Amino acid sequence: MIRYSSGYICAPLPVSRAAALHLPQMVTENADPNQTAYAVSIDAVHPDMTTGISATDRARTCNMLADPAAKASHFRRPGHVLPLQAREGGVRVRRGHTEAAVDLCRLAGKGDVGVICELITDGERVEGKTELLGGGMMRRDDCLRFGKVWGIKVCTIEDLVAYIEENEGKLAVEGKDY
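The sequence shown begins at 97 in the working numbering and counts up one residue at a time.
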């Protein structure tokens with residue numbers, strides 16, 4: 097995840113789980129244009145943890161966060177993984193990556209904590225320039241190509257909403273698609 101992303105690793109989870117682990121919102125007034133509900137960043141408390149930034153350390157934090165037996169004392173704050181509070185009702189209420197991750201985990205029978213990141217394109221080197229040209233966040237078609245290259249199944253949030261609404265019914269959507 098880290099190599100093909102910005103390295104900004106987030107862990108979506110239900111608000112109830114965030115509350116149980118004492119993971120409050122990062123800010124009291126959310127100015128994020130997508131209203132992503134960032135909680136305070138964390139690292140796992142574990143004897144093998146180093147600084148928290150390595151892929152191994154962040155994976156350990158995410159695994160501990162997904163462990164139903166985890167307690168608030170199992171995490172130090174601040175850290176290098178950003179929990180995100182998913183809205184109750186999932187993608188049927190807010191069509192965001194946060195809610196999609198929690199819904200996918202739930203549908204797969206894998207608990208209710210996910211791990212997400214934004215995939216990025218490298219861009220192209222330009223001689224004499226320090227920045228790359230044309231790099232940025234992968235969009236739909238880039239993600240589909242990435243999935244094909246790596247043998248990863250890809251679905252859109254719209255596909256997920258359609259599946260859930262067909263199997264579980266509709267709920268009122270808040271705001272726009274994120």
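Take these hints with a grain of salt, some might be off.
[Stated by the list, open to error] Label-pair restraints from in silico Cβ distances: (1) Val222 to Val111: 14 to 24 angstroms; (2) Lys266 to Ile149: 25 to 35 angstroms; (3) His170 to Asp255: 27 to 37 angstroms; (4) Arg236 to Pro174: 29 to 39 angstroms; (5) Leu240 to Ala151: 18 to 28 angstroms; (6) Ile149 to Ser169: 19 to 29 angstroms; (7) Met233 to Thr152: 18 to 28 angstroms; (8) Met234 to Ser169: 31 to 41 angstroms; (9) Thr226 to Glu262: 44 to 54 angstroms; (10) Asp238 to Val111: 28 to 38 angstroms; (11) Leu240 to His170: 15 to 25 angstroms; (12) Thr226 to Gly185: 28 to 38 angstroms; (13) Asp237 to His170: 19 to 29 angstroms; (14) Thr252 to Val141: 34 to 44 angstroms.
[As the list claims (entries may be wrong)] No more than 27 angstroms apart at the CA atoms, straight line, and that leaves these computed lysine-lysine pairs for DSS-like: (15) Lys206 to Lys249; (16) Lys206 to Lys167; (17) Lys249 to Lys266; (18) Lys244 to Lys206; (19) Lys266 to Lys206.
Calculated from the structure, these hints are not laboratory results. All figures in this text were calculated on a predicted structure; none of them were measured in a lab. Glycine included, C-beta positions come from ideal geometry on N, C-alpha and C.
Checked hints:
1. For the pair Val222 and Val111, the supplied restraint of 14 to 24 angstroms is violated, since their beta-carbon distance comes to about 45 angstroms.
2. The supplied range of 25 to 35 angstroms is broken by Lys266 and Ile149, whose beta-carbon atoms lie about 42 angstroms from each other.
3. Hint check: His170 to Asp255, Cβ distance near 35 angstroms, so the stated range 27 to 37 angstroms holds.
4. At roughly 33 angstroms, the beta-carbon separation of Arg236 and Pro174 lies within the given 29 to 39 angstroms, and the hint holds.
5. The hinted range of 18 to 28 angstroms is satisfied by Leu240 and Ala151, whose Cβ atoms lie roughly 25 angstroms apart.
6. Our hint of 19 to 29 angstroms for Ile149 and Ser169 holds, since their Cβ atoms are close to 22 angstroms apart.
7. Hint check: Met233 to Thr152, Cβ distance near 26 angstroms, so the stated range 18 to 28 angstroms holds.
8. A hinted range of 31 to 41 angstroms holds for the C-beta pair Met234 and Ser169, which are about 37 angstroms apart.
9. Under the hint 44 to 54 angstroms, the C-beta atoms of Thr226 and Glu262, about 50 angstroms apart, fit the expected range.
10. Hint check: Asp238 to Val111, Cβ distance near 31 angstroms, so the stated range 28 to 38 angstroms holds.
11. Leu240 and His170 have their C-beta atoms about 37 angstroms apart, which leaves the hinted 15 to 25 angstroms range violated.
12. Checked against the given bound of 28 to 38 angstroms, the beta carbons of Thr226 and Gly185, roughly 45 angstroms apart, lie outside it.
13. Asp237 and His170 have their C-beta atoms about 40 angstroms apart, which leaves the hinted 19 to 29 angstroms range violated.
14. Taken as a hint, the range 34 to 44 angstroms holds for the pair Thr252 and Val141, whose Cβ atoms sit roughly 37 angstroms apart.
15. Pair hint Lys206 plus Lys249 holds up; C-alpha atoms about 17 angstroms apart against a cutoff of 27 angstroms.
16. Taken as a hint, the Lys206 and Lys167 pair is honoured in the structure, with Cα atoms around 19 angstroms apart against an allowance of 27 angstroms.
17. As the CA atoms of Lys249 and Lys266 are separated by approximately 25 angstroms, the hinted pair is consistent with the 27 angstroms bound.
18. Restraint check: the Cα-Cα separation between Lys244 and Lys206 comes to about 24 angstroms, which is no more than 27 angstroms; the hinted pair holds.
19. Straight-line distance between C-alpha atoms of Lys266 and Lys206 comes to about 23 angstroms, which keeps the hinted pair within the 27 angstroms bound.
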